[in-house]
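Colleague: Spelled out from the first residue to the last, the chains are:
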Amino acid sequence: MKISSSPHIRDKETTTNIMGKVIVALCPAAIFGIYNFGIRALIIYIITILSCVAFEALFQKLIGARITVRDLSAALTGLLLAMNLPPNVPYWIPVIGSFFAIIIVKQLFGGLGQNFMNPALGARCFLLISFTGIMTSFSYDAVTMATPLAELKAGESVDVLSMFFGNIPGTIGETSAFALIIGGVFLAFLGIINYRIPVFYIGSFSVFILIYAVASGRGFDVNYLLAHLSGGGLMLGAFFMATDYVTSPITPVGKIIFGVLLGFLTFLFRIFGGSAEGVSYAIIIGNLLVPLIERVTVPKSFGKGAVKHES
Amino acid sequence: MGLLTFMGGIHPYDGKDISKDKAIVDYLPKGECVYPLSQHIGAPAVPVVKKGDKVLVGQKIAEAGGFVSANIHSGVSGTVKNIEPRMTVAGTKVNSIIIDNDGLFEEVDFSANIKPLEGLYREDVKEAVKEAGIVGMGGAGFPAHVKLSPKNEDDIDTIIVNGAECEPYLTSDYRRMLETPNKVIAGLQIVVNLFDNAKGIIAIEDNKPEAIKLLKELTEGIENITVNAVKTKYPQGAERQLIYANTGREINSSMLPADAGCIVHNVDTIVAIYNALVEGRPLYERIVTVTGDAVTDTANFRVRIGTNIKELIDEVGGFNIEDPGKIISGGPMMGKALFTLDAPIVKGSSALLCFREDVVADIEPSNCIRCGRCVEVCPGRVMPNRLADMAEHGDIDAFLAADGMECCECGCCSYVCPAKRHLTQMISSTRKQILANRKR
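Read top to bottom, the protein sequences are chains B and R.
Under the numbering used here, think of the first position of the first sequence as 1, with each following residue one higher.
Under the numbering used here, think of the first position of the second sequence as 1001, with each following residue one higher.
A hint or two may mislead.
Only pairs whose alpha carbons sit at most 16 Å apart, straight line, appear in this in silico EDC-like list of lysine to aspartate or glutamate [as the list claims (entries may be wrong)]:
#1 R:K1420 - B:E310
#2 B:K2 - R:E1179
#3 B:K2 - R:E1322
#4 B:K2 - R:D1196
#5 R:K1199 - R:E1223
#6 R:K1151 - B:D11
#7 B:K12 - R:D1014
#8 R:K1151 - R:E1217
#9 R:K1054 - R:E1106
#10 R:K1213 - R:E1179
#11 B:K308 - R:E1220
#12 B:K12 - R:E1279
#13 R:K1199 - R:D1155
#14 R:K1199 - R:D1157
#15 R:K1054 - R:E1032
#16 R:K1081 - R:D1155
#17 R:K1054 - R:E1107
#18 R:K1199 - R:D1154
#19 B:K308 - R:E1131
#20 B:K12 - R:E1357
#21 R:K1022 - R:E1179
#22 R:K1060 - R:D1155
#23 R:K1016 - R:D1297
#24 R:K1183 - R:E1322
#25 B:K308 - R:E1376
#26 B:K2 - R:D1362
#27 R:K1016 - R:D1206
#28 B:K308 - R:E1279
#29 R:K1420 - B:D11
#30 B:K2 - R:D1155
#31 B:K12 - R:E1223
#32 B:K300 - R:E1131
These are computed hints drawn from the structure, not numbers from a lab.
Bound-form chain B, shown alone:
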């Protein structure tokens, strides 16, 4: 007979299960990446995932901590980072990115659950700043070309349909909005992610874009909006990066504020920023504000301020 404090039963959901489901949900977009960019994409996936897992195990071994790579969180970070890399990067880029994601962003701050920004995005932004040329050169069918989002920013016309399905240049895993939405809806359906962040992120971003379109004389341009929604890393960011448990608010109201904030920042960076893309920076800046958002959105406890009933 064993003794322990109540409750004596537990739900079957575990950290490993959750990470596994997120990986499964990423598969449509990840596999599309291989289809779209060829074998190089697959090699980058393998290098990134293996180096993330290896760095985590190595670090934990070094400091004498329990090795927790079986929880799949390092593998997930690796997959996400790979999906955020251009397909033509040299093979040492994913290794450096994995080191930054796992060691600098995650482990040095205490490991799983303690990092203050999304490791994969932190690493992407680090790589963008350090190796700008490599990270912003997008090759498609062996030809280096601009992403549709960059063309859009330059005022050129783009094909919204191919942007939606993903037959365009971009980072390995971000191009197919369609595949990402399938994965995102799957996660929401399983209850792994809450609808609030993606809905308020994409919703508020749309509103800001439409206001800008009208104000800048384009008029109520739905095509322009759809191009912005399908292009860049918005869908990958909204469904898979902004919803990262560790770096998003826990409180229901906080999730809404966070979503709207990301929508605004993404709009700001994409329209007024130097580069065409703004999702990564929007999310990591949002990550930094999470403690503040949570602080002001603590739910009111049950019965707080209740008054005595009188008949």
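With the hints as your guide, set chain R onto chain B.
Modeller: What follows is chain R alone, placed relative to chain B:
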């Protein structure tokens, strides 16, 4: 209109099927009976018998040690063997009266206690409830007569019979409602009549449609009693959540149900009140569900308080496994794990739940991933993940500021945590520490 309910909560596997169709069976103890002097909230009772005294079934053997305390009556006839500390289901030794059971079950003359209900003064009713030693039988053990004596009598407008039985595996209240529904209704009438402005509600989770149907039929035409189906969701039967579901009124941990104009009694408590008033019988027996996958058979027993737990396990044919993983007194969410079967059934023992395997004791908790599931399910709407951190760091001030005392220790947060952290345990030990310091 949707079903009556509250915010938060969980839907664990309910396990009631294996015992819900077992009719209540009387079980008479064979061996000695043990009566801990403290089986209620409040001061321990004071023995009124001494070693060697002869006692009868229903005889008072210990007297309330204050207003918030309760009398204790013997469930067997025999001789007082000793008064000594004995192990209880709570895992501590409590001074107890030991009675050598003579197996004759000679009763005191209960008819002498019966007074005609008509013309009975309200104070007489409360006195009878107090004399019968009735306490909350859902587990908390709060003396019933104290609940019946709120300061704001005129503000009491709702008496709720708690038939939610939201703990998985438990079926004792369900069987009570099915088999003696008239006692439940009449008991509720007695309590409703204590207050000028009160009406009665029998609240039952909608996973017990037979009980809802039966009680609705029987209360048809009774104007001041309604039967409410409440949503099946744990912890629907938690007092504050049940009041909210039925009246929309919220109270916090420093308030009493009476502050929401409510008095809540468990089904078995209401039946005990009926027995005391109408049959003159004090509280000396209760319904106990013996269930789980580790026992040969399951049962709902009507058991004499004081009966040794081992006897009940033997009565259902013992364990079907050499070394059962865990034996729990009460339900799986809030019950207490036992390390010995040599302890007595007390007034608050609703079940003996026996698991072949324990899924909790050997769990290795991992880091919080901030998934927010605990916040989502918390019926107290506090943030268990943060409270647990504060508890771990011993940061009492932060714990209080984050409304840590509003936790009702229902266990929902620990249940859902994917990192398998012992949130409830961390929070409840800090709450106990704070409460202990306040008393000092």
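Colleague: Each of the hints needs a verdict: does it hold here or not?
Modeller: Verification of the supplied hints:
Between K1420 (chain R) and E310 (chain B), the direct Cα distance comes to roughly 43 Å. Violation of the 16 Å bound is thereby established for this hinted pair. This hinted pair does not check out: K2 (chain B) and E1179 (chain R) have alpha carbons roughly 35 Å apart, beyond 16 Å. Note on K2 (chain B) and E1322 (chain R): the hinted pairing holds, with a Cα-Cα distance of about 14 Å set against a maximum of 16 Å. For the given pair, K2 (chain B) sits about 50 Å from D1196 (chain R) by alpha-carbon distance, which is inconsistent with the 16 Å threshold.
Simply put, K1199 (chain R) and E1223 (chain R) have alpha-carbon atoms about 9 Å apart, close enough for the 16 Å limit, and the pair holds. Our distance criterion of 16 Å between C-alpha atoms is broken by K1151 (chain R) and D11 (chain B), whose separation comes to about 43 Å. For the proposed pair K12 (chain B) and D1014 (chain R), the alpha carbon gap of about 15 Å is at most 16 Å, so the pair holds. Simply put, K1151 (chain R) and E1217 (chain R) have alpha-carbon atoms about 35 Å apart, too far for the 16 Å limit, and the pair is violated.
Distance hint between K1054 (chain R) and E1106 (chain R) is fulfilled; the C-alpha atoms sit about 11 Å from each other, no more than 16 Å. Between K1213 (chain R) and E1179 (chain R) the alpha-carbon distance is near 13 Å, which keeps this suggested pair within the 16 Å criterion. Of the supplied pair hints, the one linking K308 (chain B) and E1220 (chain R) is violated, its CA atoms being roughly 32 Å apart against a limit of 16 Å. Distance hint between K12 (chain B) and E1279 (chain R) is unfulfilled; the C-alpha atoms sit about 48 Å from each other, more than 16 Å.
Straight-line distance between C-alpha atoms of K1199 (chain R) and D1155 (chain R) comes to about 12 Å, which keeps the hinted pair within the 16 Å bound. Only pairs whose Cα atoms come within 16 Å are accepted, and K1199 (chain R) paired with D1157 (chain R) is accepted, the gap being roughly 6 Å. This hinted pair checks out: K1054 (chain R) and E1032 (chain R) have alpha carbons roughly 14 Å apart, not beyond 16 Å. The straight-line distance between the Cα atoms of K1081 (chain R) and D1155 (chain R) is roughly 47 Å, outside the 16 Å bound, and the hint therefore fails.
Simply put, K1054 (chain R) and E1107 (chain R) have alpha-carbon atoms about 12 Å apart, close enough for the 16 Å limit, and the pair holds. For the hint linking K1199 (chain R) to D1154 (chain R), the alpha-carbon distance of about 12 Å falls within 16 Å, and the restraint holds. Of the pairs offered as hints, the one joining K308 (chain B) and E1131 (chain R) is violated, with about 30 Å between alpha carbons and a cut-off of 16 Å exceeded. Straight-line distance between C-alpha atoms of K12 (chain B) and E1357 (chain R) comes to about 15 Å, which keeps the hinted pair within the 16 Å bound.
Of the supplied pair hints, the one linking K1022 (chain R) and E1179 (chain R) holds, its CA atoms being roughly 11 Å apart against a limit of 16 Å. Distance restraint check for K1060 (chain R) and D1155 (chain R): the Cα-Cα separation of roughly 34 Å exceeds the 16 Å cut-off, and the hinted pair is therefore not satisfied. In summary, the hint linking K1016 (chain R) to D1297 (chain R) is supported, as the alpha carbons are separated by about 13 Å, within the 16 Å threshold. Distance hint between K1183 (chain R) and E1322 (chain R) is unfulfilled; the C-alpha atoms sit about 41 Å from each other, more than 16 Å.
As the CA atoms of K308 (chain B) and E1376 (chain R) are separated by approximately 27 Å, the hinted pair breaks the 16 Å bound. Our distance criterion of 16 Å between C-alpha atoms is met by K2 (chain B) and D1362 (chain R), whose separation comes to about 9 Å. For a cut-off of 16 Å, the pair hint linking K1016 (chain R) to D1206 (chain R) stands: about 13 Å separates their Cα positions. A distance of roughly 36 Å separates the Cα atoms of K308 (chain B) and E1279 (chain R); the hinted pair therefore is violated under the 16 Å criterion.
Restraint check for K1420 (chain R) and D11 (chain B): satisfied, since their Cα atoms lie roughly 9 Å apart, inside the 16 Å limit. For the suggested pair K2 (chain B) and D1155 (chain R), the alpha carbons sit about 47 Å apart, so the restraint of at most 16 Å is broken. For the given pair, K12 (chain B) sits about 46 Å from E1223 (chain R) by alpha-carbon distance, which is inconsistent with the 16 Å threshold. Simply put, K300 (chain B) and E1131 (chain R) have alpha-carbon atoms about 42 Å apart, too far for the 16 Å limit, and the pair is violated.
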